[in-house]
Amino acid sequence: MEQNRMSPADRYQLLQSLLLRARALGTASDVQLDAVLEEMDAVWSKMSPGEQLAADDRAATLPRIPAPDDLGLTEVVKAVGDHQLPRRVA
Amino acid sequence: MLLSAQRVRSAQGLTGINLYVYRHAAGEWNPSKLEELERTAELVSQSFEVPPGENALASYLDVFAPEGTHSVEIARAAAAIRGCPDPAGFPAVFTEGGAVFRLGLGFGLVPSWRHELTDLVSRLLLSAEDAR
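First to last, the protein sequences are chains F and Z.
Here the first sequence is numbered in the working numbering, starting from 1 and rising by one per residue.
Here the second sequence is numbered in the working numbering, starting from 91 and rising by one per residue.
The set of hints was computed from the structure by calculation and includes no laboratory data.
Any given hint could turn out to be false.
[To be verified] With a Cα cut of at most 25 angstroms, we get these calculated DMTMM-like pairs of lysine to aspartate or glutamate:
#, chain 1, residue 1, chain 2, residue 2
1, F, Lys78, Z, Glu126
2, F, Lys46, F, Asp56
3, Z, Lys123, Z, Asp176
4, F, Lys78, Z, Asp176
5, F, Lys78, Z, Glu139
6, F, Lys78, Z, Glu144
7, F, Lys78, Z, Glu128
8, F, Lys46, F, Asp57
9, F, Lys78, Z, Glu125
10, F, Lys46, F, Asp10
11, Z, Lys123, Z, Glu157
12, F, Lys78, Z, Asp209
13, Z, Lys123, Z, Glu163
14, F, Lys78, Z, Glu132
15, Z, Lys123, F, Asp82
16, Z, Lys123, Z, Glu186
17, F, Lys78, Z, Glu118
18, F, Lys46, F, Asp34
[What the hints assert, rightly or not] So the derived label-pair ranges between C-beta atoms look like this:
#, chain 1, residue 1, chain 2, residue 2, range
19, Z, Thr185, F, Gly72, 23 to 29 angstroms
20, F, Asp41, Z, Gly188, 22 to 28 angstroms
21, Z, Gly117, F, Gly50, 55 to 61 angstroms
22, F, Asp57, Z, Ala178, 17 to 23 angstroms
23, F, Val77, Z, Cys174, 31 to 37 angstroms
24, Z, Lys123, F, Ser7, 44 to 50 angstroms
25, Z, Gly179, F, Asp41, 30 to 36 angstroms
26, Z, His160, F, Leu37, 39 to 45 angstroms
It should be emphasised that the depicted structure is a prediction, and the values quoted were computed from it without experimental measurement.
C-beta atoms are modelled at their ideal positions from N, C-alpha and C, and glycine is treated no differently.
Work the whole structure out from these sequences, hints included.
Okay, structure coming up:
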């Protein structure tokens with residue numbers, strides 16, 4: 001499997017990205033999110049100190065409060081023939 | 091033409107991708123003036139996974155391309171964009187293969203922007219084919 005060929009650092013970065021995405025889209029249950037966090041902990045212990053430091057630096061640049069409506073835009077109803085995009089600032 | 095995909099979430103918690111296909115009159119294609127292209131585009135079809143209106147947007151993708159651009163060309167352009175370095179910010183505008191892509195994301199989707207681009211453009215291409 002591809003994940004078995006990944007380095008622990010690459011696997012950690014992938015899990016971090018998946019976690020943020022799942023939180024943002026609300027597509028994962030708390031149990032699923034906990035499972036990802038547990039795997040991240042396990043992968044963390046296999047990373048070198050340098051890789052852990054790099055992961056910490058990367059984490060510092062990531063958003064802290066991902067939420068589904070972070071974009072600040074709302075969809076609006078449009079009819080065929082209209083000339084505006086179907087969104088506005090919330 | 092202008093193809094627009096929006097990943098939305100309703101107040102009831104439903105999530106999905108809603109799609110909008112716009113057309114331009116002949117001779118209206120100028121990729122350096124996106125605002126003008128927005129204003130002159132006419133909505134010709136739409137399809138919904140979530141009933142439209144007052145849904146919060148998690149992401150959106152607008153693809154501007156000359157009328158008649160084939161889906162294969164848009165798919166190739168999207169593949170090339172996935173190979174680009176991370177943009178400095180969002181919404182990000184990419185020009186590739188004669189088309190212009192504008193991708194807007196909520197913060198939580200930024201690390202997986204290539205994944206989101208793939209999801210949205212795939213749905214758009216299906217919709218554009220149906221609209222032909």
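Checklist entry - Which hints from the list above does the structure break, by number from lowest to highest? => result Of the numbered hints given earlier, those the structure breaks are 4, 20, listed in rising order.
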